[in-house]
Amino acid sequence: MSDLHTELKQSIIQQLNLEDMEVSEIENDEHLFGDGLGLDSIDALELIVLLEKDYGIKLTDPNQGKEIFNSINSMADFIEKNRIR
Amino acid sequence: MSEELFITKSVIIRDSKIIKNGKPFFKADPDASLSEFLKTIYKEEHLKYPKFFKMDSLSKLVYLGVELLTEGNIPDKKTALVFANSVSSLETDEAYAGTMGEFPSPSLFVYTLPNIMLGEISIRHQLKSENIFLISEEFDPTIYLDYTKALFQQKKTDNVLCGWVNLHNNEYDVFLWQIARSGRTDFNEEELKKLYLPTHE
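Here the protein sequences come in this chain order: R and E.
Counted from 1, the first sequence has number 34 at position 34 by my numbering; the numbering is strictly sequential.
Counting the second sequence from 1 gives a position; my numbering is that position plus 85.
Each hint can be trusted.
Using 25 Å as the maximum straight-line C-alpha spacing, the simulated BS3-like pairs for lysine-lysine come out as follows:
1) R:Lys66 / E:Lys139
2) E:Lys234 / E:Lys278
3) R:Lys66 / E:Lys136
4) E:Lys213 / E:Lys136
5) E:Lys139 / R:Lys53
Keep in mind that the hints were calculated from the coordinates and are not lab data.
My request is simple: use the sequences and hints to build the entire structure.
Spelled out as structure tokens, the structure:
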């Protein structure tokens with residue numbers, strides 16, 4: 001697991017108040033929404049803020065969100081390719 | 086002619102203490118922070134509701150109060166909600182305003198209305214009922230009496246859950262009670278005042 005994957009899991013737990021959840025409990029390919037972590041629409045907005053705040057990435061097309069926020073793997077891939085910090 | 090109504094149950098959360106049906110129920114460390122106190126109640130009551138951790142403190146207070154009052158079960162899904170406080174959602178409004186300079190927080194924004202509390206109760210207990218949230222300078226029994234009596238008279242409901250839920254500068258004052266057509270304690274101004282300010286505090 002890369003440092004970015006771990007960092008993302010830590011940020012998600014902290015930003016989304018996933019109380020009592022550990023980094024080791026989130027699988028890299030687990031769905032973040034729906035049956036996986038069970039995140040909701042407000043969490044999706046928080047993830048968009050997280051991308052901009054921590055990595056300088058501004059999402060211009062909301063339709064991209066579904067693909068990017070599918071899992072930790074998809075988020076990390078997108079960040080690696082688009083980060084400006 | 087107005088029908089007789091009764092207070093069936095009550096809960097107070099105030100000064101690190103919980104009073105249930107007029108009797109001391111729980112006392113926490115008075116030096117604990119509000120968030121520690123809320124988490125302690127959640128754990129002590131063995132509650133399992135992950136959404137709790139996403140709520141602001143005002144909604145956490147009302148969620149815990151309603152769980153304690155109803156023991157986690159509101160069988161009548163038409164139970165109306167009549168709530169009030171004096172400071173609206175000011176605590177969260179200020180926290181949200183603090184994020185606006187850089188990255189406004191969506192999860193804070195959704196709690197910048199006091200009637201979100203009623204939504205949280207309705208979601209948790211799947212209520213589809215009448216509800217109202219009023220702002221009053223101080224706890225005023227008459228607003229609850231007038232509105233609740235009207236709901237019963239108009240046959241809008243058979244049960245009402247009332248609440249005074251205030252939070253400002255980490256000072257909290259929660260008083261919840263249920264009204265029905267039968268019970269032991271009369272639903273009137275005097276009884277409400279007695280329950281709100283118990284003498285053994």
